[in-house]
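Undergrad: Here's the letter readout for the chains.
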Amino acid sequence: MTAQEYAFTVLAVIGAIAAIAVVTARNVVHAALYLVVTLASVGGVYLVLSAEFVAWVQILIYVGAIVILFLFGLMLTKAPIGRDALDNEHQWVPMMVSGGVFAGLVFLIDRAFHLDSRARFAAFPAPTARVGDSLFRGFVLPFEAVSFLLLAALIGAVVLARKDEAK
Amino acid sequence: MTFLAQASGSIVDQWVSSFWIALLIKAVAVLGFFLVAPLAVGYMEHKVLAHMQSRFGPMEAGNFHGWAQLVADGVKFVQKEDVIPEAADPTVFSLAPAVALIPYIVLFVTIPFSKTVFAENLDIGVFFLLAMSSVSVIGVLMAGWSSANKFSLIGALRAAAQLIAYELPLVLATAAVVMQAGTMRLVGITEAQGHYWFVATQPIGFLIFMIAALAELTRPPFDMPVADSEIIFGAYTEYTGLKFAFFLLSEYGGIVALSAIASVLYLGGYRALPGLPIPEPLMMLGKITVLSFIVIWLRATYPRLREDQLQRFSWLVLIPLTLVQIMVVAILKVAMR
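For the protein sequence lines, the chains are V and B, in the order given.
In terms of this note's numbering, the first sequence is residues 1 to 167.
In terms of this note's numbering, the second sequence is residues 1001 to 1337.
None of these hints come from the bench; they were simulated from the model.
Quantities reported herein were computed from a predicted structural model and do not represent experimental measurements.
Backbone N, C-alpha and C define an ideal beta-carbon position, used for all residues, glycine too.
All the given hints hold, so there is nothing to weed out.
To give an idea of the interface, some chain B residues facing chain V are shown, with a C-beta separation under 8 Å as derived from the structure:
| # | residue |
| --- | --- |
| 1 | Phe-1128 |
| 2 | Ala-1131 |
| 3 | Val-1137 |
| 4 | Ala-1160 |
Please model the complete structure; the sequences and the hints are all you need to start from.
TA: Printed below as a string of structure tokens:
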């Protein structure tokens, strides 16, 4: 195995264990913290593939912002302080659903890319300049469409959350 | 690995051919810098605050103006009992200081002290710094929640709300600099300031960056998360000994880090003023010292903002201003091409 494959194996194992811990944790805050480990290890996998930009976006947006929002929301609303455990009894249905989705994705990806088990790691370094070029030259329309959609969602959320003083 | 190989050009890589030995030297150098610089800033805070309040500050430890005061403090912290509250979540409680501290250590990997004195010149430089500095707050949230203390929890919530509000102006102000420099590499940004510093073209951006950085560090006047008169010491209330010292170290490390980032982005980094025969690394250290001094000076000058003022200020003043700044820089960049 090359150094990259070792690094990938370690990151994948850590990420997978943490991902399982997210759903089996009996405490919502612990689950959110395991999610940090999972997301960070996915960022590490991007780094191993030399996709530096995506890797640090993953850390900045997911670990640095989304999970902090999760934790913020949990603590503001219902997170038990200290060691109290939260019992989640309905684990079987989500397990079946997510297992089905996982199997389906593996099947589809395998069919789409004709994965060869002997294929080696092929890192293709993508400097930020090239990512920006392709994003704003080749994919301008999808990019703008997505940002328009997100803007609409943002405005919708503000409208829904806003409570006008009834006077 | 390719992404590290691309980033060579560091002085260590020129001396040492082996990848692993070079990595070891860099790691030791970064750690060494991290262990010395925050202590120097901490000592500066003791002395500057004291003199601004007509006191002397530490005078005994080490004989000469108490220079060894923080070393003595460190020894004291090591001796203290490591108390974990009975209701606390012990694992999360113990991990929290490390999660708060490590991002600030890693961050110094990319700070350039001259064209060749740095550990790694990452292609994504600035972005890496911002990502690392935002991860640290997870440690504060972990500390606040696991302490099983309502003051800690309120402190952690305030810290998180503050980070969410001030992360945006920080990133947007940085984006404007990156647009003007045309690169995210820290050495590249510094070299792009050959004729003039970016503070000359983006003075408002510099101001916004410093304000947002202060808020991100929860330094006065943005120290709501540790407001001692309301919530004791926020998320750190239950901590003692070494763990508490780690939180303090991450605060002072953060001051050094954000001063370094600000001087790279706006003050020409290691570049000296023309005609000044000062070595580049010293120039960089000097700029970090001046900015750290200003951070401490503000603590002695301004009262604490109220929580709602703090949020309002970011969302209604800083963020619209940075968006305008980005638009102006973009238009000028295209027009002057």
